[in-house]
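There are 2 protein chains.
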Amino acid sequence: MNQAIGVIDSGVGGLTVAHELIRQLPKERLIYLGDTQRCPYGPRSNEEVKKFTWEMVEFLVRKNIKMLVVACNTATAFTLNELKDCLPIPVIGVIKPGARAAINETKNNHIGVIGTEGTISSNAYVTALKDINADLHVQSLACPLFVPMVEHGCLSGEYAESVVSNSLFPLKQQQDLDTLILGCTHYPLIKNTIQQTIGENVSIISSSKETAREASAILGFNDLLYKGDETPIHQFYSTGEMEVFTRITKGIFKEFIDYFDSVTIEKAVLR
Amino acid sequence: MNQAIGVIDSGVGGLTVAHELIRQLPKERLIYLGDTQRCPYGPRSNEEVKKFTWEMVEFLVRKNIKMLVVACNTATAFTLNELKDCLPIPVIGVIKPGARAAINETKNNHIGVIGTEGTISSNAYVTALKDINADLHVQSLACPLFVPMVEHGCLSGEYAESVVSNSLFPLKQQQDLDTLILGCTHYPLIKNTIQQTIGENVSIISSSKETAREASAILGFNDLLYKGDETPIHQFYSTGEMEVFTRITKGIFKEFIDYFDSVTIEKAVLR
Numbered sequence: 001m002n003q004a005i006g007v008i009d010s011g012v013g014g015l016t017v018a019h020e021l022i023r024q025l026p027k028e029r030l031i032y033l034g035d036t037q038r039c040p041y042g043p044r045s046n047e048e049v050k051k052f053t054w055e056m057v058e059f060l061v062r063k064n065i066k067m068l069v070v071a072c073n074t075a076t077a078f079t080l081n082e083l084k085d086c087l088p089i090p091v092i093g094v095i096k097p098g099a100r101a102a103i104n105e106t107k108n109n110h111i112g113v114i115g116t117e118g119t120i121s122s123n124a125y126v127t128a129l130k131d132i133n134a135d136l137h138v139q140s141l142a143c144p145l146f147v148p149m150v151e152h153g154c155l156s157g158e159y160a161e162s163v164v165s166n167s168l169f170p171l172k173q174q175q176d177l178d179t180l181i182l183g184c185t186h187y188p189l190i191k192n193t194i195q196q197t198i199g200e201n202v203s204i205i206s207s208s209k210e211t212a213r214e215a216s217a218i219l220g221f222n223d224l225l226y227k228g229d230e231t232p233i234h235q236f237y238s239t240g241e242m243e244v245f246t247r248i249t250k251g252i253f254k255e256f257i258d259y260f261d262s263v264t265i266e267k268a269v270l271r
Numbered sequence: 001m002n003q004a005i006g007v008i009d010s011g012v013g014g015l016t017v018a019h020e021l022i023r024q025l026p027k028e029r030l031i032y033l034g035d036t037q038r039c040p041y042g043p044r045s046n047e048e049v050k051k052f053t054w055e056m057v058e059f060l061v062r063k064n065i066k067m068l069v070v071a072c073n074t075a076t077a078f079t080l081n082e083l084k085d086c087l088p089i090p091v092i093g094v095i096k097p098g099a100r101a102a103i104n105e106t107k108n109n110h111i112g113v114i115g116t117e118g119t120i121s122s123n124a125y126v127t128a129l130k131d132i133n134a135d136l137h138v139q140s141l142a143c144p145l146f147v148p149m150v151e152h153g154c155l156s157g158e159y160a161e162s163v164v165s166n167s168l169f170p171l172k173q174q175q176d177l178d179t180l181i182l183g184c185t186h187y188p189l190i191k192n193t194i195q196q197t198i199g200e201n202v203s204i205i206s207s208s209k210e211t212a213r214e215a216s217a218i219l220g221f222n223d224l225l226y227k228g229d230e231t232p233i234h235q236f237y238s239t240g241e242m243e244v245f246t247r248i249t250k251g252i253f254k255e256f257i258d259y260f261d262s263v264t265i266e267k268a269v270l271r
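As they're listed, the protein sequences go chains A and B.
Residue 1 is where the first sequence starts when you use the numbering used here, and the numbers rise one by one after that.
Residue 1 is where the second sequence starts when you use the numbering used here, and the numbers rise one by one after that.
Simulated from the structure, these hints should not be mistaken for lab results.
One thing to keep in mind: the hints can contain errors.
Any copy, or any two copies together, can satisfy a pair, since identical chains are not distinguished.
Unchecked claim - Below, simulated BS3-like cross-link-like pairs (lysine-lysine); rule was C-alpha separation at most 25 Å, straight line:
#1 K84 <-> K66
#2 K51 <-> K227
#3 K254 <-> K107
#4 K107 <-> K27
#5 K107 <-> K227
#6 K191 <-> K107
#7 K227 <-> K130
#8 K130 <-> K27
#9 K267 <-> K227
#10 K107 <-> K250
#11 K130 <-> K250
#12 K191 <-> K227
#13 K66 <-> K130
#14 K267 <-> K254
Sequences and hints are given; from them, build the entire structure.
Here's what the structure looks like:
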């Protein structure tokens, strides 16, 4: 039996992590749970985020997952350490993989981070970066308009370019910046527009890609990679309205031909 | 006390891994051991490589290392699983990190691998790549002239360009290739020449950089990162002739100003 990797997110942003997990680990089976009913987690209290996260985790643990990926920056910031301490399976978040990839990539130690207001004010990326190298120059910037824009399906074109360009203006003033972390799992969907605005000389790090890469490394290190030949059937669950969730899921996974033969999309009831 | 990361190699190639470990994990202390006296390991038997590798490991284990990095492709291919099973500390090799980084990087699943004759004929990279994704197109090529050229200090210029260009000719015919793994720890020293030959459209993956990145991830996952403020003093050991080893070490680390205030370079006696 191909034990699944569990992925939790406050909504649809974590689907970019799921997409990368399927791309980089095509033999692995995924169970994704998006708490779309109670999304966004950003403005909620620490206690509420913890409570909701644990409810999602219990739903997945009952499905016998072999690894948990917390694909939500807010949930990672508030609950990752507790989850790591309490669960008997490997648990990884989205913040440290992005930080480590940026440290790997930068040539001059000048790193930018963009994310939601919650993530940026939590300072989680700055802490993760400076814990490893105190000499890094880190410039953080909240881009509160990006998530609503992406959730409305606006990923490119004139309006997207103008929002991205105006939002990133403070970072474009930083001549030395050579690496930029997309510190929100929604942002890989507008990566091209961000790259165009910030310039080709800045390397863009997607937390989603890098989290999938580290999931691969941690599964390999713990000898947990699936070695059989079964074609995985992925399961996607949403706690809220199914139509939007299904549309966004199909949009994100559109390049996988025949993908939806091997996927189920269902409503999850947590309590 | 800042417990060190131990790095073993058959000679000087692993110094590129050590360099990346110090760059990406500047708080960590390193003990490097190069078996320059018995280098190269490539033409040796499986049993001999295992015996020599265990002698190096015992030297480092007596120095109470917290992690072992096997920075030699041959030693990784022959001993990694055994070392992982027997040692109570995390052990990582150079092959899987490069494979995972290439899978992360490629857009069209066409990956090239270059290495020594031993590494290429062992098929270790092809196996590591296909174990994760059986649908990858992998093109391997042995470049036996690169290591002796690098060890003679020839890293760029007309001769290096001609050797690299002639060696890579078969890969340059592969129109679809979008990612190339440097499957030998010497090759990052001629990365610029390789990039120039293979073209800017091919992403080059350095096993050395990616091994350091995964060492960072595995240390973080196991809560083994150093949290103190002591400046690390690195130790470099060679089993053979010290003059060449010292010259190459200084050459590889030359951009670290004041670096040699915090380094010792000594002869190691294994038996």
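Discussion item. So, against the hints stated earlier in the document, which numbers end up violated here?
Written reply: 2, 9, 11 and 12
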